[in-house]
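Read off the chains here:
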Amino acid sequence: METLANSLNGLTVADGLLAVGKVLLQIAVILVIARLLLGIINRVIEHMLLRDDQHRPAVRDEQRAKTLASLLKSVSFYTVFFVAGMMVLESIGINTASLLAAAGVAGLAIGFGAQNLVKDVVSGFFILFEGQFRVGDYVGIGNVEGVVEQTGLRTTWIRSFGGEVHIIPNGEVRQVTNFMGHGMRAMFSVPIAFEEDVERAIAVLEEAFEKAREEGALENLVAGPKVLGVTNIGEAGVELSIWAQAEAMSQWALGRQLRKLVKETLDAHGIKLGYPRRHVMMHPMEPS
Amino acid sequence: METLANSLNGLTVADGLLAVGKVLLQIAVILVIARLLLGIINRVIEHMLLRDDQHRPAVRDEQRAKTLASLLKSVSFYTVFFVAGMMVLESIGINTASLLAAAGVAGLAIGFGAQNLVKDVVSGFFILFEGQFRVGDYVGIGNVEGVVEQTGLRTTWIRSFGGEVHIIPNGEVRQVTNFMGHGMRAMFSVPIAFEEDVERAIAVLEEAFEKAREEGALENLVAGPKVLGVTNIGEAGVELSIWAQAEAMSQWALGRQLRKLVKETLDAHGIKLGYPRRHVMMHPMEPS
Amino acid sequence: METLANSLNGLTVADGLLAVGKVLLQIAVILVIARLLLGIINRVIEHMLLRDDQHRPAVRDEQRAKTLASLLKSVSFYTVFFVAGMMVLESIGINTASLLAAAGVAGLAIGFGAQNLVKDVVSGFFILFEGQFRVGDYVGIGNVEGVVEQTGLRTTWIRSFGGEVHIIPNGEVRQVTNFMGHGMRAMFSVPIAFEEDVERAIAVLEEAFEKAREEGALENLVAGPKVLGVTNIGEAGVELSIWAQAEAMSQWALGRQLRKLVKETLDAHGIKLGYPRRHVMMHPMEPS
Amino acid sequence: METLANSLNGLTVADGLLAVGKVLLQIAVILVIARLLLGIINRVIEHMLLRDDQHRPAVRDEQRAKTLASLLKSVSFYTVFFVAGMMVLESIGINTASLLAAAGVAGLAIGFGAQNLVKDVVSGFFILFEGQFRVGDYVGIGNVEGVVEQTGLRTTWIRSFGGEVHIIPNGEVRQVTNFMGHGMRAMFSVPIAFEEDVERAIAVLEEAFEKAREEGALENLVAGPKVLGVTNIGEAGVELSIWAQAEAMSQWALGRQLRKLVKETLDAHGIKLGYPRRHVMMHPMEPS
Amino acid sequence: METLANSLNGLTVADGLLAVGKVLLQIAVILVIARLLLGIINRVIEHMLLRDDQHRPAVRDEQRAKTLASLLKSVSFYTVFFVAGMMVLESIGINTASLLAAAGVAGLAIGFGAQNLVKDVVSGFFILFEGQFRVGDYVGIGNVEGVVEQTGLRTTWIRSFGGEVHIIPNGEVRQVTNFMGHGMRAMFSVPIAFEEDVERAIAVLEEAFEKAREEGALENLVAGPKVLGVTNIGEAGVELSIWAQAEAMSQWALGRQLRKLVKETLDAHGIKLGYPRRHVMMHPMEPS
Amino acid sequence: METLANSLNGLTVADGLLAVGKVLLQIAVILVIARLLLGIINRVIEHMLLRDDQHRPAVRDEQRAKTLASLLKSVSFYTVFFVAGMMVLESIGINTASLLAAAGVAGLAIGFGAQNLVKDVVSGFFILFEGQFRVGDYVGIGNVEGVVEQTGLRTTWIRSFGGEVHIIPNGEVRQVTNFMGHGMRAMFSVPIAFEEDVERAIAVLEEAFEKAREEGALENLVAGPKVLGVTNIGEAGVELSIWAQAEAMSQWALGRQLRKLVKETLDAHGIKLGYPRRHVMMHPMEPS
Amino acid sequence: METLANSLNGLTVADGLLAVGKVLLQIAVILVIARLLLGIINRVIEHMLLRDDQHRPAVRDEQRAKTLASLLKSVSFYTVFFVAGMMVLESIGINTASLLAAAGVAGLAIGFGAQNLVKDVVSGFFILFEGQFRVGDYVGIGNVEGVVEQTGLRTTWIRSFGGEVHIIPNGEVRQVTNFMGHGMRAMFSVPIAFEEDVERAIAVLEEAFEKAREEGALENLVAGPKVLGVTNIGEAGVELSIWAQAEAMSQWALGRQLRKLVKETLDAHGIKLGYPRRHVMMHPMEPS
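Protein chains in written order, with the numbering used here: chain D, 963 to 1250; chain Z, 963 to 1250; chain L, 963 to 1250; chain A, 963 to 1250; chain W, 963 to 1250; chain B, 963 to 1250; chain X, 963 to 1250.
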């Protein structure tokens, strides 16, 4: 403002024109630099999001990358031209201190009160960008498990088996568990009575598993089933662990099939299950 | 102030008029820009809130969108004219530093002490904007479940089945569980005694379910009921899991109906339930 | 200060008078604006707190609104005249930078150390303003339940049934549970022995409830009592859930009445309660 | 400094004297304002702390109020004269920027590292000011219960029944439970065997209570004792709840007296207590 | 710098001398004020730490007070002369802005990263200053109990009975429990069988306690032992609570002595202890 | 800007050229210093990451070090030239205050909202740099255990035995447990009946272990197995602890082999396992 | 810059030389002060770390002290010359504001995002400096126990008995438990049947302990073993506590030896262990 004032208070018209020219030159330089900067930013965004990505192509789809790219472009467009605009305003002599101070106070308020929002969006960006999960995946986040129904920049919507939808802000998503791997484990243990022959029980079960595998009775099987061995000797007998792998989302059904098979096999061979045991010292008392 | 002072200390009336003119010009430019900015902001708000929204039309109602829009418009109106006002004050030579410093200190105080309030309102805005739930929905927030009775910018009021109202600040609402889906699950498990034939028990139950379905005895049924299979082999027998889906809010009643049906069916076919088993080594002692 | 100094260093008395006049004018403008601002603020406060409020008139009483209004008016009075005062000081040439810097440091100290205090008052304001509870209400806050004895801007005093007073800072009050609704639930479940006929047990209980209702034996009853159905099949028999609603604060007494009624009814009809069951394999050992 | 320098570089002695006079005038104005401010603050403190307080006179004692008042006066005295001192220094041309910057850094360090200290003192002030408890009260703070032995601005010392002293910083005192009310509850429940007549058991107990009350056998009794009713039907019989109120600190002794009375009364009338029940299916095995 | 530059660019030697004189005067004033300030601070420290303290003389020893005083004096010496030094540098025309900015950034880094350190030292100072415990005291801090072995400004070293040393930063010490009181409680409860006469059991125990007291068989006894009364009526009989007080650190040994005495007394008088009771409905099954 | 303006408003062409020359000189100096600084930084990075590292060579591979080095070089390149660029802009008279203010607000926003991101990357850098684990290691982080599948700057991907992938932001990785040591423990305890001879049981087991070791029946054995001794005397007998060490990832299989071996050995020598013991006082009641 | 510009725009060569001389003088003064400051800091570091330390010499080794000293010296060297460099730059007229602003923003980013790193290093420094533990010590940190394998400025590596390495950032190390004391406790309790004579059981055990001590059968014994006394009277009998002290790391082996000794001694003298007791009221039912 002083520049303008001084030049207006100046002595000759030539001086005035010179001053105006200088100001126009400055504005032009600012705008050109802003334009160039934006061009560079846009190319970086495109490179980052739309390039051919060899090491994880299946998870990141074209559509999502374009959405992210256009979002990032808008954000940088507004940022660059906000700064350029303020520099122009200052060049023509309008004091932007109050504008900036207000922005600073607002920034503080955002920083404290709305940090959850910023956190949500930043986390959401990385969830999408890194392809941690896709719509339709069965995932576990915090104490919630279910099928991803919708992924957004701020929230993720997960429908669990109970039918309810869990709406989780992305900032709360610190650890994701993705259950869509190739071989998902179905594993449980069965207690065998102490008197039974462990070797025989294992042999009998392995035989039944072999037969079921040959008959194709177990759906979506990837590996196993087999008896891992003795995983505990406790009050209730000798625990045998049964292990198998299934296609994603079939592990629960496979587990139920295997439990039934194990029960029937042990019954058929007369091998008894183990229940807790106890010694009791009995002191008969007079009737009360 | 210096501008004004200099011009008043100036030499000629012409210079004074020139200075006053410059000031008036500046004020005019500021006000015009503020007005234009407000126009743009308002149009963005309307576009964001009142546009035709295809992917979630049922949850967001017209009324709420209008409320949000008018609220946002008020906030931006006061913000823009506060900044413009300060720029005008500065133009006519009144130092606004003290005003801004006071605002800064206040901003700090808000930032620290009242961040809960800002957090509540920001969260509340997004709950309304994203339509996470509506008045009348049965939802779960934190350790509270119940029917939403009132949704505001700062708090959400939920009435649980016990009759009490839970008033939850929106900033505490980090994860929402919405129970208003189409098929809500009713699921429980029944232990069958080890001696019973698992195949027969499943067949008998499926037959009873089929009959109940045909007779329409189960209200608000969406899918099932069916026996999922053997989900546990434990101390208390073989656990069978029963699964069904009901309309929202009917899952509890359906669960009670199914439990009674299962009990009656098993009784009718003489299939015994399983209770925990134990081996006891009995050592008789002399009477004491 | 420079203004004053310059004018005092000035050349003629006329210039001095002119400068003094300008300063007086500035002070006048500042004071007038401050006064107007205060008037607007006061009217907003009154509108917000004392207007006729249709949607929740019962909870907010006249007395409290007036207290809040006068408090808010004091706060804004001191704030506005603090800022105006500093602007006046600056106009007459006293540098207020040190004052403001001290205020800034103090603001920081408050921001960090005393944020609990600010948080308490802000929360307290909203508890009163939104009418979340009134003196005499039975509420639950955190792990405390009791009758509200006193509500203040900083603390809430709750007397629980044990007779002790819990003094809770309002900043700790994040989720309020208000038990003063119309129909408060009294609900419990009774285990029936497996051998009993579930249909008959339900019929017998419903009959007894009907009779008690007709005789008006149940005080403060709002709805029910009725048998909801079978809510669990467990080790200890078939669980029936009994449900009723009472006037606020009567739900506990009603629950006790109903439990006694259920016990007497089942006894009268010879329906046995269920206790846990267990299979024991008895291995006699030689006396030790 | 510039003012002073300019005046010293000035042309005539008269100008110098004028400048010195102006500086002295400024200092005088600053000191007068500081004095007046202090007077006002002191009067506010006295009004706040020493006024006749109708609604809670018993808890706040004269002595404590005077301590708080003198403390607050010291704090405001140092604050006001620190600010005034810096303004004087600046008036005579010494730059206080470095002083203030150092104070700012120190303020930051305090803000972060020593916030616990500030928090403790602020909380302590309000505990004393609001009279949440007095020396000798039996209170509960966090997971500690005991008699308050000493209250300070930074810590509260509580001696629990075990004899140990708990030293709690006031900033940790978020929720206080004060057990010094008039009628403190003594309550417990007794299980009655299923076979017993509930009506008779209640009548017998009420009769015994009546007698004990008449004989004055129960010390410090405020209300009750009476049988509230059936509060649970469980595995171990029908639970009756006994309720009474005692003078503060006598509730535990009263509870012990009542338990003994209940035991003796039930014994005298041959009413059996309830123990858990269980069905056992006994499978005899061959001796092992 | 401007002052110096202006004076060097000045017109006459006299003016130069005058300017240099002014600067020297300023430095002198700064140093004198710093010295005076330091004197005042030192006297305050001595008054605070070394004065005769009536209300807690035993805990605070001379040695520790002197250590604290010399520490505080060093800290204030460096602080005051750092500020004075910078003011002198500025007076002779060297810009200290960069120094202060660097200090500010460092202060920020300290504020965030090293706040634990500052917190530890501040807490440590108050632990020493308030005399919360001494070396050799048996204290409880957080989940640790033991004898204080070493107290420092940053950490406290506690050796627990197991022999291990716990090194706790003072910032983690929020609540201290000091077990060095005069009468430390030894308390436990004994279940008496339902059939026993409660009056007689109490009388027998009191008699045994009386005898043990007279014989001086209980070491370090302060008060008791006595039977408090019936503190519970449960599944396992009537619980009697025994209470006594011992010298600090002797309460555990006293508890062991009393338990043995109670056991022997009850045995000698044939009063049976109570064990849990249970009703069992026995259903004989055919041998399996 | 003032420099430039003043020189343009200057008197002669020579002066103008002089001013332009000065500006060019400044720019040159800035760029040269920036270049030198960058060279130094690059050499430090290379030294830090690519030097021969004696004390942990196996964990840090060449490839990863190069990736980290190029990343660090890019970051420092952009930082140095951003600062240099702004200094150049300022030299030629363009005010960079608004640019910096915007950067400051953005920095604040990042500081608060995106601190998780910065924290993740900083932690990730140190995980890679310190070689805490490698792809293929079996590690435990928080409540997750599994094989590391992918390590990045922001997240670590761990596949647990169940087949699911856990995606953990590096900022959540506070404590890493690496299970890839040489001798991983397989340890469990077996309860022996009270009547058995402890010496004999230990001897028998040690003999069986010796034999298995000689036959090479235990795969991947590193040390042991041996009987540690009696680790508990409880309700269920005397507990013997068995201890062995295996190659990493083989400890679970070894544990299962040993459990089976222990069971068979005890059976072969007729040593009975211990089950919980209980005394029962039997009161016969009349049939109900 | 103004200084330089003014001098170049000045009138005579003499003035120019004078100005250049002044600048050179300032630079010299700055560098000399920086050098002196560094000398003082280095001497303080050496004094702090390398002095003869009487009260804890064994834990702090020469090697570590030298490492810490050289690290601290580097840090202070870079800090002092960074500040001095910026003061020199400013003296020769280059504006360092942008440099400092960038540093400030970076400091903020570090402050928020990387505070964990700073916290780790500060904590690590004090762990090394105070000698809280050494490589080879058996320590407990948080929920981890094991032998310290490596201590660094950022992390501590602990190998637990299971063979796995726990890598803990030093910032997470808030409370350290060091198990390397002279007499580590081995303590356990044994339940004796109610019928046994407590006096005799204690005498028999003390005799066996005496004998084992005389025979030197207990390795690494420091104190004890002895029977502390009766520490509980419970459902399962009278609990006797056995106590002993061993050399560090031998307490577990000693505990196992003592348990075996106690078992054998009680068996040899026919003193029965206690098991839980229970009264059962037996109601025979008709066979089902």
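These are computed hints drawn from the structure, not numbers from a lab. Quick caveat, the model's predicted, so the values are computed rather than measured. From the three backbone atoms N, C-alpha and C, an ideal C-beta is built for every residue, glycine too. Hints may be right or wrong, so weigh each one.
[To be verified] Result set (SDA-like, lysine to any residue): computed pairs, CA atoms no more than 20 angstroms apart in a straight line: (1) Lys-1225(D) / Glu-1008(Z); (2) Lys-1081(B) / Phe-1091(D); (3) Lys-1188(Z) / Asp-1159(Z); (4) Lys-1225(D) / Ile-1164(Z); (5) Lys-1234(X) / Tyr-1040(B); (6) Lys-1234(L) / Lys-1188(A); (7) Lys-1234(D) / Lys-1234(B); (8) Lys-1222(Z) / Trp-1214(L); (9) Lys-1222(X) / Arg-1136(B); (10) Lys-1234(W) / Met-1244(D); (11) Lys-1188(W) / Thr-1193(X); (12) Lys-1234(D) / Glu-1209(D); (13) Lys-1225(W) / Ile-1195(X); (14) Lys-1188(A) / Ile-1233(L); (15) Lys-1188(B) / Glu-1181(X); (16) Lys-1234(Z) / His-1245(W); (17) Lys-984(X) / Gly-1232(W); (18) Lys-1188(X) / Glu-1161(B).
[Unchecked claim] Among the chain W residues that face chain A by a calculated CB cut under 8 angstroms, a handful are: (19) Leu-1000; (20) Leu-1190; (21) Arg-1239.
[Claimed, not checked] So the derived list for chain D, only partly shown, Cβ under 8 angstroms to chain Z, looks like this: (22) Ser-1032; (23) Asn-1078; (24) Asp-1099; (25) Ile-1130; (26) Gln-1137; (27) Gly-1143; (28) His-1144; (29) Thr-1227; (30) Tyr-1237.
Hints, one by one, checked against the model:
1. Between Lys-1225(D) and Glu-1008(Z) the CA atoms are separated by roughly 64 angstroms; this puts the pair beyond 20 angstroms, and the hint is violated.
2. For the proposed pair Lys-1081(B) and Phe-1091(D), the alpha carbon gap of about 18 angstroms is at most 20 angstroms, so the pair holds.
3. At most 20 angstroms may separate the alpha-carbon atoms for a hinted pair to count; Lys-1188(Z) and Asp-1159(Z) meet this at roughly 18 angstroms.
4. Among the hinted pairs, Lys-1225(D) with Ile-1164(Z) is consistent with the structure: their alpha-carbon atoms are about 14 angstroms apart, no more than 20 angstroms.
5. Distance restraint check for Lys-1234(X) and Tyr-1040(B): the Cα-Cα separation of roughly 80 angstroms exceeds the 20 angstroms cut-off, and the hinted pair is therefore not satisfied.
6. Simply put, Lys-1234(L) and Lys-1188(A) have alpha-carbon atoms about 29 angstroms apart, too far for the 20 angstroms limit, and the pair is violated.
7. Taken as a hint, the Lys-1234(D) and Lys-1234(B) pair is honoured in the structure, with Cα atoms around 19 angstroms apart against an allowance of 20 angstroms.
8. With a CA separation close to 29 angstroms, the supplied pair Lys-1222(Z) and Trp-1214(L) exceeds the 20 angstroms bound.
9. Annotation: proposed proximity of Lys-1222(X) to Arg-1136(B) is violated, straight-line Cα distance about 41 angstroms (limit 20 angstroms).
10. Distance hint between Lys-1234(W) and Met-1244(D) is fulfilled; the C-alpha atoms sit about 18 angstroms from each other, no more than 20 angstroms.
11. Between Lys-1188(W) and Thr-1193(X), the direct Cα distance comes to roughly 18 angstroms. Compliance with the 20 angstroms bound is thereby established for this hinted pair.
12. Restraint check for Lys-1234(D) and Glu-1209(D): the C-alpha separation of about 32 angstroms exceeds 20 angstroms, so the hint is violated.
13. The suggested pairing of Lys-1225(W) with Ile-1195(X) holds, with an alpha-carbon distance near 8 angstroms, which does not exceed 20 angstroms.
14. Distance hint between Lys-1188(A) and Ile-1233(L) is unfulfilled; the C-alpha atoms sit about 30 angstroms from each other, more than 20 angstroms.
15. Distance restraint check for Lys-1188(B) and Glu-1181(X): the Cα-Cα separation of roughly 19 angstroms lies within the 20 angstroms cut-off, and the hinted pair is therefore satisfied.
16. For a cut-off of 20 angstroms, the pair hint linking Lys-1234(Z) to His-1245(W) stands: about 15 angstroms separates their Cα positions.
17. A C-alpha spacing of about 105 angstroms is found between Lys-984(X) and Gly-1232(W), which places the hinted pair above 20 angstroms, so the restraint is violated.
18. Taken as a hint, the Lys-1188(X) and Glu-1161(B) pair is broken in the structure, with Cα atoms around 23 angstroms apart against an allowance of 20 angstroms.
19. Given the 8 angstroms rule on beta carbons, the hint for Leu-1000(W) is violated: about 15 angstroms separates it from the nearest Cβ of chain A.
20. The interface hint given for Leu-1190(W) is met, as the beta carbon of that residue sits about 6 angstroms from the closest beta carbon of chain A, less than 8 angstroms.
21. Taken as an interface hint, Arg-1239(W) checks out: its beta carbon lies about 4 angstroms from the nearest beta carbon of chain A, inside 8 angstroms.
22. Look at Ser-1032(D): its Cβ only gets to about 16 angstroms from chain Z, farther than 8 angstroms, so that hint breaks.
23. With its C-beta approaching chain Z no nearer than about 6 angstroms, Asn-1078(D) sits inside the 8 angstroms limit, and its interface hint holds.
24. Among the interface hints, the one on Asp-1099(D) is violated; its C-beta lies about 18 angstroms from the nearest C-beta in chain Z, farther than the 8 angstroms criterion.
25. Residue-level restraint check for Ile-1130(D) holds (minimum Cβ-Cβ distance to chain Z is 5 angstroms; threshold 8 angstroms).
26. The beta carbon of Gln-1137(D) is not positioned within 8 angstroms of any beta carbon in chain Z (closest approach about 14 angstroms), and the interface hint is therefore violated.
27. The restraint placing Gly-1143(D) at the interface with chain Z is violated, with a minimum CB-CB distance near 22 angstroms, outside the 8 angstroms limit.
28. For His-1144(D), the suggested interface contact is broken, since its CB lies about 24 angstroms from the closest CB of chain Z, more than 8 angstroms.
29. Because the closest C-beta pair between Thr-1227(D) and chain Z is about 12 angstroms apart, greater than 8 angstroms, the hint is violated.
30. About 4 angstroms separates the beta-carbon of Tyr-1237(D) from the nearest beta-carbon of chain Z, less than 8 angstroms, and the hint is met.
Consistency with the previously given hints fails for numbers 1, 5, 6, 8, 9, 12, 14, 17, 18, 19, 22, 24, 26, 27, 28 and 29, ordered from lowest to highest.
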